[in-house]
Amino acid sequence: MTMFCCVFVPNFSVQAALRLEPNATRPVLLQSPVAILDGPDSVLRVFASNERATQLGIQIGMTKAQAEQCLGIILRKRVLADEEAAQAALLDSTSAFSPSVEDTVQGAVTLDIAGTERAFGPPAKLAQEIADAAKQVGLDVNVAVAANADAALVAAKGCHGIDVIPTGGEAERLAELPLDVLSPTPEQAEIFESWGIRRCGDLAALPAVPLVERLGQTGLHLQQLARGVVVRTLVPTVAPMQLLESFELEDAVTDLESLAFILNRLLEQLTRRLMARTLAAEEISLRLDLEIHSDRDIHKESARPEDATFERVLKFPVPMQDARTLRKLIQLDLAAHNPSAPVKRVTLEAKPTRCRYTQAGLFTPLAPEPERLEVTLARLRAVVGEADEQGRSRVGSPELRDSHRADNFRVVAFNPQQDIATAHKQFNDTAVALRMFRPPVPARVRCRENKPVSVSFATLSANVLSASGPWAGSGSWWNTTQKWQREEWDVAAQLPTGIGLYRLFRDLQQGAWFVEGLYD
Amino acid sequence: MSSPALIRAQVEMRLASRVPAAFAQHVQPEKPAIGTGIEGLDAEIGGIPCGAITEIVSPTRASSGKTSLQNRLLACATQSSFGALIDAADSFDPQSAEAAGVNLKRLLWVRCSATGLKALEQAFKCADLLIQGSSGFRLILIDIDDIAERHVRKVPLTTWFRFRSVAERLETALVFSTPCAVTSTCTALRLTLASAQLKWSQPTQSNATHTRLFAGFDFAPEAEQKQPPKKPVESASPVISASPKWA
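Note that the protein sequences, when read in sequence, are chains R and W. Under numbering that gives the first Met the number 0, the letters of the first sequence match residues 0 to 519, in that order. Under numbering that gives the first Met the number 0, the letters of the second sequence match residues 0 to 246, in that order.
The shape of chain R in the complex, shown without the other chains (with noise of 0.2 Å):
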């Protein structure tokens, strides 16, 4: 037996323009007269608005300057990509409770229930939890739920709240319903108001002959809606996933506690969408469209069209689902990485991939939580900075290079997650071990016989002890700027604390001496 459930946005344009208010503030607003305007700057008219503000005198068309008239009115310019946000956070909410859902209209869904019993429990329980899905992801939805896909769509629009429809029983729910909810054109309109017909029970019962003879077959399909009589098959949605949330600011804004409080919405809406879908981010982009003043640099060229916009990609090693993390980790790398300029408009992309399932062995060794370790390698960095003067990481793993060079090695991310299966390395008691001078310390070295017998270096200055080298070294003969050719020695000096080990060198190309480091 086939089910359908239709999800539907009340006041849809409205509700997207709200939709990232905070959840203390949103439902005070969607309480409130609210008018969304559509069009150029200079005629900006009314498109849409909710039931408050229809109340008030608020009709679609008017200018601004008319809806300013209303006391109390909200009025938001409207943003397509907020729609289209909101329209994509609609169908990750609900993909979670069927695997067919359809993106039937924008504000609305529709999925295939049959089956679902045995899951989710009988059409009312499961419609209710849609509705809870789709109020995490901030929109108030009706969910009606009927034998044929078109009559659930109606239901919903008609309804409030939640409709479960039993089989048969389409056309007596359906018959106390307005006319609008079956969408006719205005000309349809105007003659089904001079015929007075309002309801789509007074159209179901007109004969099916005659309306044909007057409104042609649209007539017709109008009347089947109206009856719930219509079937057609769902076209589940195939579009790829885009998890991408943007909101625009009125005023922009130049500090960084102001935009966490943008970030904090977008990233709550946009985890929540990842968890409707079981999923988690591996990569989240951001960028902030920046407000570029045309008369700040007016003795220069127009400004690039690259410079308005300042984009970061954060790459994560473990999946994360977590918005706090995220906020943490975005606030931190926006500390090190400011925007030049104040930011008007916020988005957020994540890259979307399966979660992390870690099974802990008997033998794994407790490695740091990955989302908190993240944030404090995060905050390490802000601390000691991104990379030194050679671009090798201030904080990783070390990795050695296979090269002969001396000092050559590079930092790679510490991730404890990739490190399960490392095998024991052998343990070695009695290395020496030599402790760096980065970068190497120019020194004075006076030879005698070719043989080096004092060293100044810093603000030392000591007579050679024992000395052993030199010891040639030389690579990257092929290129030009990377060739390096040395004489290593090794010399034990006498210091006022004791003896010192070092290891000098002299640079053949430069002819110059250095300290390289001390063995201890």
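Read the hints as simulated data drawn from the structure, not as lab findings. Treat each hint with caution, since some may be false.
Claimed, not checked - Simulated crosslink set (DSSO-like; lysine-lysine; CA at most 27 Å straight-line):
| # | chain 1 | residue 1 | chain 2 | residue 2 |
| --- | --- | --- | --- | --- |
| 1 | R | Lys314 | W | Lys153 |
| 2 | W | Lys104 | W | Lys153 |
| 3 | W | Lys225 | W | Lys153 |
| 4 | R | Lys76 | R | Lys134 |
| 5 | R | Lys327 | W | Lys117 |
| 6 | W | Lys225 | W | Lys198 |
| 7 | R | Lys450 | W | Lys198 |
| 8 | R | Lys343 | R | Lys63 |
| 9 | W | Lys198 | R | Lys327 |
| 10 | R | Lys450 | R | Lys134 |
| 11 | R | Lys134 | R | Lys124 |
| 12 | R | Lys314 | R | Lys350 |
| 13 | W | Lys225 | R | Lys327 |
| 14 | W | Lys198 | W | Lys153 |
| 15 | W | Lys30 | W | Lys117 |
| 16 | W | Lys117 | R | Lys314 |
| 17 | R | Lys350 | R | Lys327 |
| 18 | R | Lys63 | R | Lys76 |
For this one, chain R is given, so just place chain W on it according to the hints.
Then chain W, alone, in the frame of chain R:
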């Protein structure tokens, strides 16, 4: 029943609802220790204690074996768990560490970017972040040995007390490598190193420098272990040898 015992029983009875055992002495649970990889030293001190501060004191600029000892500690810690090194002077050599058996993939290396007092400040901030931000590190080694002694002595005693109290709640060994003894009573173990005895493959009087090789050194850490009250302070100083990979 004697009067102090009676009073104690009465007080405990009154406070029983709020404080289960008002006069009970808080006994610190036994915490594990990390081996140093040096049999003689481990036999004497029982390893580097977790949940406490250990201080390695050595003279600056002279070869004393402190870095070799640090590498051995890191090697032991990264054999079975994870270690972190906060390197105030950016002087860690990954090549010799790997030769000593350090599992570099299990090592978090934080390289401070400043010098002098600023580097010390960075190192302490990083230590704070690591201790409080994430558990799971068996060893956190803070190497401030190359910072001038005058700067290290400026660190207030309250800082060490704070580190001690935080460390007590963790299963992490907190090791500071310092140019002078500064942690005072906050340290559970202090290893003091003197200048090491160098060894050469040939007598130093020989003129043929290219045939003479550095063959390693002997160093003798003097351990001063602070035991729980009422126990005498113990000290030990085993001799340890280290040699380069070519010797």
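Check the structure against each numbered hint from earlier and tell me which ones fail, lowest number first.
Result: hints 1, 2, 6, 9, 10, 13, 14, 15 and 16 break, sorted rising.
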